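Which chain is which? The protein sequence lines are A, B and C, in order.
Position 326 of the first sequence, counted from 1, bears residue number 326 in UniProt numbering, the numbering being contiguous throughout.
Position 39 of the second sequence, counted from 1, bears residue number 39 in UniProt numbering, the numbering being contiguous throughout.
Position 179 of the third sequence, counted from 1, bears residue number 179 in UniProt numbering, the numbering being contiguous throughout.
Check each hint, because a few of them may be wrong.
[As the list claims (entries may be wrong)] Lysine-lysine pairs mimicking DSSO-like chemistry, simulated, CA-CA at most 27 Å apart:
no. : chain 1 : residue 1 : chain 2 : residue 2
1   : C       : Lys-141   : A       : Lys-215
2   : B       : Lys-9     : C       : Lys-428
3   : A       : Lys-259   : A       : Lys-305
4   : A       : Lys-316   : A       : Lys-274
5   : A       : Lys-245   : A       : Lys-227
6   : A       : Lys-314   : A       : Lys-151
7   : A       : Lys-132   : A       : Lys-107
8   : C       : Lys-141   : A       : Lys-153
9   : A       : Lys-316   : A       : Lys-151
10  : A       : Lys-316   : A       : Lys-107
11  : A       : Lys-314   : A       : Lys-107
12  : C       : Lys-141   : A       : Lys-132
13  : A       : Lys-215   : A       : Lys-132
14  : A       : Lys-231   : A       : Lys-245
15  : C       : Lys-141   : A       : Lys-151
16  : A       : Lys-259   : A       : Lys-132
17  : A       : Lys-227   : A       : Lys-215
18  : A       : Lys-220   : C       : Lys-428
19  : C       : Lys-141   : A       : Lys-138
20  : B       : Lys-9     : C       : Lys-294
21  : A       : Lys-227   : A       : Lys-316
22  : A       : Lys-231   : A       : Lys-215
23  : A       : Lys-132   : A       : Lys-245
24  : A       : Lys-227   : A       : Lys-132
Everything labelled a hint here was simulated from the structure, so no lab data went into it.
Just so we're clear, the structure is a prediction, and the values are computed from it rather than from any experiment.
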Amino acid sequence: MKWKTVAAGVAALALGLMPLAGAKAQDYPTRAISMIVPFAAGGPTDTVARLIAESMSRTLGQQIVVENVGGAGGTRGAGQVAKATPDGYTVLLHHIGQATSATLYRKLPYNVLTDFEEVGLVTDVPMTMIAKASLEPKDVAALVAYVKQNKDKVIYGNAGVGSASHLCGMLFMSALGTQMTTVPYQGTGPAMNDLVGGQIDLMCDQTTNTTGQIKAGKVKAYAVTTKERLKALPDVPTMQEGGVKDFEIAVWHGMYAPKGTPPAVVAKLNAALKQALQDPKVIARFADLGTEPVSQERATPEVHKAFVASEVAKWKPVIEQAGVFAD
Amino acid sequence: MGRFIRSPKDVGTGLLLIALAAWFAWLGSDLPIGRAIRMGPGYFPLVLCGILAALGLIVLLTGLAFGGDAEADDEAQRIAVPWRGILLVTLSVVVFGLAVAPLGLGPAMGLAVFISSAASRRFSLPGGALMAIIMVAFAWAVFIKGLGLPLPMLGPWLGGY
Amino acid sequence: MEIFDHLALGFSVAFTFQNLFYCFIGVLLGTLIGVLPGLGPVPTIAMLLPITFGLPPVSALIMLAGIYYGAQYGGSTTAILINLPGESSSVVTAIDGYQMARQGRAGAALATAALGSFFAGSVATFLLAVFAPPLADIALKFGPPEYFSLMVLGLVASVSLASGSVIKALAMVVLGILLGLSGQDVYTGTPRFTFDIVELADGIEFVALAMGLFGLVEIIRNLEDEHTRTVMVQKVQGLMLSRDDIKRIIAPVLRGTVLGSFLGILPGGGAMLSSFASYSIEKRVSKDPRQFGKGAIEGVAGPESANNAGAQTSFIPMLTLGIPSNPVMALMIGALIIQGIVPGPNVVNEQPNLFWGIIASMWIGNFMLVVLNLPLIGIWVRLLTVPYHILFPLIIGFCCIGVYSVNNNVYDVYAMALFGVVGYLLVKLECEPAPLLLGFIIGPMLEEYLRRAMLISRGDPSVFVTRPLSAVMLGIAVLALAVVLLPSVRKKREEAFKE
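I would like the entire structure built from these sequences, with the hints used as guidance.
Printed below as a string of structure tokens:
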């Protein structure tokens with residue numbers, strides 16, 4: 001008897017609240033938006049997310065709260081967004097790992113290509129090939145020869161399976177057609193510690209992590225992995241200049257909403273994102289990190305979607321050839 | 001049988017440790033082991049399972065081997081297992097886990113506190129309900145308002161988000 | 001002297017009204033989240049990062065740093081009062097601190113923790129100011145073999161956490177390591193012991209394990225004989241330390257400070273070891289080691305000092321090298337980047353205001369903490385006089401939200417429930433949970449460093465003995481193990497002879 005009353009009450013409550021749930025897309029946003037970053041707080045992706053979120057919050061008039069849902073190489077956070085209610089109040093800020101996870105994880109509980117609405121690309125963080133200060137080779141050409149000669153006696157450190165530094169290392173080895181000994185770490189911090197301490201030889205990581213060390217002369221910088229030299233590191237040549245052809249990798253970041261998010265909401269998010277990318281404060285901070293926002297043309301859902309597809313295709317053979325999987 | 005068992009506790013511990021070692025070994029049985037130079041993910045766990053089983057065996061034997069009189073180990077019998085406590089404490093935590101995402105922090109917290117308070121012999125319905133309400137209010141004030149945890153007080157099932 | 005100029009600069013920065021204010025906010029918030037079980041400095045600092053956007057870099061960092069070391073002060077409170085260690089370092093404090101509380105000496109335990117932390121924090125900050133750059137170089141000399149040997153030493157020390165059977169303690173350490181290995185293998189990404197559940201891909205959460213094994217188990221045990229005990233503590237004795245207490249804690253505090261200051265510098269988990277190592281040493285040098293585990297004040301004084309000293313010196317790699325030694329430091333680096341400062345070895349020279357300002361603020365912050373915490377002790381102790389049947393459901397509520405808030409992962413909550421039951425069984429079998437927790441913390445690092453050392457040395461195990469630092473530590477570990485095992489062997493033989 002009592003239970004019936006309770007049940008009736010709950011049903012009435014649910015019915016009464018129903019219209020609220022279907023709030024109109026043009027009013028969006030009416031409350032705080034959570035931006036899931038699938039990595040630990042304080043890392044490079046987290047930093048990019050927070051800079052963008054702060055600027056977008058001002059445009060949208062609602063707070064964007066950055067939530068760190070780390071774990072499983074970014075797939076836990078991405079999976080959470082894929083399954084979230086597609087109302088625009090949950091978005092994902094992920095990096096290149098979104099595309100590589102499609103191959104790295106064979107049992108992914110979501111589909112990278114079909115379970116998300118792309119909002120737009122955010123930035124390409126360049127990478128740098130760095131080495132312990134005492135490593136012999138003087139430049140990229142000498143380094144290539146050195147690695148080819150010493151093969152697995154060269155020790156390459158990375159920040160863990162699926163990390164940007166892992167991907168860059170795979171690409172480098174595949175470009176040279178040789179194998180080094182790969183030593184994974186739990187994140188960039190400990191790997192950098194061992195590189196500066198001379199325990200390992202080589203590492204390729206984002207400028208976010210390496211610029212400070214390079215400028216202080218604690219590590220040797222061989223090359224940047226972008227087409228052109230960077231403003232933040234004008235003395236470091238590109239891989240191309242050093243004779244490693246077609247070697248290009250950047251840790252691109254993009255924003256995603258769950259599949260089924262209304263187009264009007266995605267458009268609003270995209271407009272706010274585009275504005276954030278022109279925010280002088282964002283541009284200045286990005287410059288400190290050795291990067292810059294993507295061009296306005298690239299910060300669109302269409303370009304982003306096509307780009308994710310091309311990146312998935314690009315990395316599939318590299319990962320399969322290396323025979324590394326994360327599950 | 002009792003004569004061979006000097007300490008039922010040690011025998012139990014030994015058996016438990018050996019069982020755990022076997023269980024972990026079974027769980028890790030399809031992990032690649034590799035070699036000492038390039039250890040696979042299964043190497044270290046397997047070594048540990050071996051050590052754990054060995055330690056379990058030692059504990060088991062110390063419980064058996066030293067024949068003699070059964071030690072004054074009747075303490076084990078004296079203490080009644082607090083089934084009600086174990087059950088309700090565990091249940092309250094599990095209910096919190098089940099409820100926190102669909103119902104939100106408020107109801108989950110209230111349920112957990114209410115259910116666990118029933119574990120005490122001095123439980124009373126109004127007392128438990130009052131404590132649940134106080135704790136929900138406190139959680140709201142400290143965690144949601146004060147510290148700004150990104151947790152909804154009411155979950156999607158109750159009209160929150 | 002250059003150092004005086006630097007410190008003068010630092011204090012001139014830290015003593016502005018604004019920076020004093022943010023330092024106070026930081027330590028106050030730190031104390032609060034430290035006291036709340038589960039809620040650690042990492043999520044708090046992450047949530048506060050947006051606020052720091054609008055602050056000058058020095059104020060932002062001063063506040064964030066305050067949260068971190070403030071949490072170290074508060075962290076011991078629940079460990080002592082209700083046997084609920086919210087982070088790895090307070091596991092050790094719970095062992096003797098909680099026993100002291102049960103004997104009505106919670107006030108003395110809390111005062112010891114606060115005073116020890118203050119002394120250690122001040123000394124470590126001084127070391128940080130004077131020796132930061134050379135100390136940072138020591139951290140770089142630690143390669144994988146050295147860390148491996150350090151972890152072995154830590155594991156051997158962990159056996160002394162138990163007061164019962166050595167064999168059972170060893171078994172608990174091994175079981176802890178196995179549990180610690182759950183989750184993705186760092187080297188291949190292969191999931192281990194995860195039952196194919198994505199939420200378990202990162203392994204078991206430490207907070208869930210600790211709260212289950214300590215907090216829930218203690219509640220279930222108290223429910224055993226509920227009718228005989230209505231309040232947890234019958235009589236609460238004096239809140240302050242007696243002259244005898246003070247005499248007893250001086251040496252442990254000094255030893256803990258030295259140990260913590262040194263281990264805190266090492267980025268690879270050194271700070272975590274310091275409180276365990278300190279406990280182990282205190283037990284070893286004590287005239288009456290049987291008191292340990294039953295409420296020895298030395299067992300609170302040493303580890304608490306070590307822990308706080310380590311918290312201060314763990315800033316050294318971050319500030320001087322730009323390398324984060326733990327997740328909190330990684331967040332600080334994130335905060336610096338957001339402020340437009342590129343972290344790295346140049347920060348000391350390019351941003352002297354920031355570097356020396358933070359160091360000076362730490363001393364001020366530690367002073368604020370001790371002033372803040374000592375009066376609070378009276379309130380905490382009164383909490384224990386609340387009837388237990390009212391107290392424990394509230395504790396369970398805090399455990400739930402605390403564990404859930406760590407990762408927003410309900411599997412952590414389930415894990416806590418499971419470990420509550422398992423822990424109760426283990427306690428009934430006279431297997432102590434403290435060594436298990438230490439195995440859990442150290443185990444994964446032990447494996448990681450072992451495999452890394454073997455990879456880098458190309459499978460040559462002699463690196464562990466040919467590198468001097470590593471060899472010394474392994475030597476100490478072997479000696480320590482012999483010392484631990486010998487008495488128990490001798491005892492067994494004596495028993496055998498008696499019969």
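Hints, one by one, checked against the model:
1. At most 27 Å may separate the alpha-carbon atoms for a hinted pair to count; Lys-141 (chain C) and Lys-215 (chain A) meet this at roughly 22 Å.
2. For the proposed pair Lys-9 (chain B) and Lys-428 (chain C), the alpha carbon gap of about 8 Å is at most 27 Å, so the pair holds.
3. Proposed proximity of Lys-259 (chain A) and Lys-305 (chain A) is supported: the alpha carbons are some 12 Å apart, at most 27 Å.
4. Restraint check for Lys-316 (chain A) and Lys-274 (chain A): not satisfied, since their Cα atoms lie roughly 30 Å apart, outside the 27 Å limit.
5. A C-alpha spacing of about 10 Å is found between Lys-245 (chain A) and Lys-227 (chain A), which places the hinted pair at or below 27 Å, so the restraint holds.
6. Restraint check for Lys-314 (chain A) and Lys-151 (chain A): the C-alpha separation of about 25 Å stays at or below 27 Å, so the hint holds.
7. Between Lys-132 (chain A) and Lys-107 (chain A) the alpha-carbon distance is near 37 Å, which puts this suggested pair outside the 27 Å criterion.
8. For the proposed pair Lys-141 (chain C) and Lys-153 (chain A), the alpha carbon gap of about 21 Å is at most 27 Å, so the pair holds.
9. Proximity of Lys-316 (chain A) to Lys-151 (chain A) is assessed by CA-CA distance (about 24 Å); at most 27 Å being required, the pair is judged to hold.
10. Annotation: proposed proximity of Lys-316 (chain A) to Lys-107 (chain A) holds, straight-line Cα distance about 15 Å (limit 27 Å).
11. Simply put, Lys-314 (chain A) and Lys-107 (chain A) have alpha-carbon atoms about 20 Å apart, close enough for the 27 Å limit, and the pair holds.
12. Distance check on the hinted pair: Lys-141 (chain C) and Lys-132 (chain A) sit about 14 Å apart at the alpha-carbon level, within 27 Å; holds.
13. The hinted pair formed by Lys-215 (chain A) and Lys-132 (chain A) meets the criterion: a straight-line CA distance of about 14 Å does not exceed 27 Å.
14. Simply put, Lys-231 (chain A) and Lys-245 (chain A) have alpha-carbon atoms about 22 Å apart, close enough for the 27 Å limit, and the pair holds.
15. Among the hinted pairs, Lys-141 (chain C) with Lys-151 (chain A) is consistent with the structure: their alpha-carbon atoms are about 26 Å apart, no more than 27 Å.
16. A threshold of 27 Å between alpha carbons decides the hint, and for Lys-259 (chain A) with Lys-132 (chain A) the separation of about 45 Å lies outside it, so the pair is violated.
17. Proximity of Lys-227 (chain A) to Lys-215 (chain A) is assessed by CA-CA distance (about 21 Å); at most 27 Å being required, the pair is judged to hold.
18. Note on Lys-220 (chain A) and Lys-428 (chain C): the hinted pairing is violated, with a Cα-Cα distance of about 58 Å set against a maximum of 27 Å.
19. Proposed proximity of Lys-141 (chain C) and Lys-138 (chain A) is supported: the alpha carbons are some 25 Å apart, at most 27 Å.
20. About 22 Å separates the Cα atoms of Lys-9 (chain B) and Lys-294 (chain C), which keeps this hinted pair within 27 Å; it holds.
21. Of the supplied pair hints, the one linking Lys-227 (chain A) and Lys-316 (chain A) holds, its CA atoms being roughly 22 Å apart against a limit of 27 Å.
22. Taking the CA atoms of Lys-231 (chain A) and Lys-215 (chain A), the gap is near 13 Å; set against the 27 Å cutoff, the hint holds.
23. Proximity of Lys-132 (chain A) to Lys-245 (chain A) is assessed by CA-CA distance (about 24 Å); at most 27 Å being required, the pair is judged to hold.
24. Proximity of Lys-227 (chain A) to Lys-132 (chain A) is assessed by CA-CA distance (about 24 Å); at most 27 Å being required, the pair is judged to hold.
Consistency with the previously given hints fails for numbers 4, 7, 16, 18, ordered from lowest to highest.
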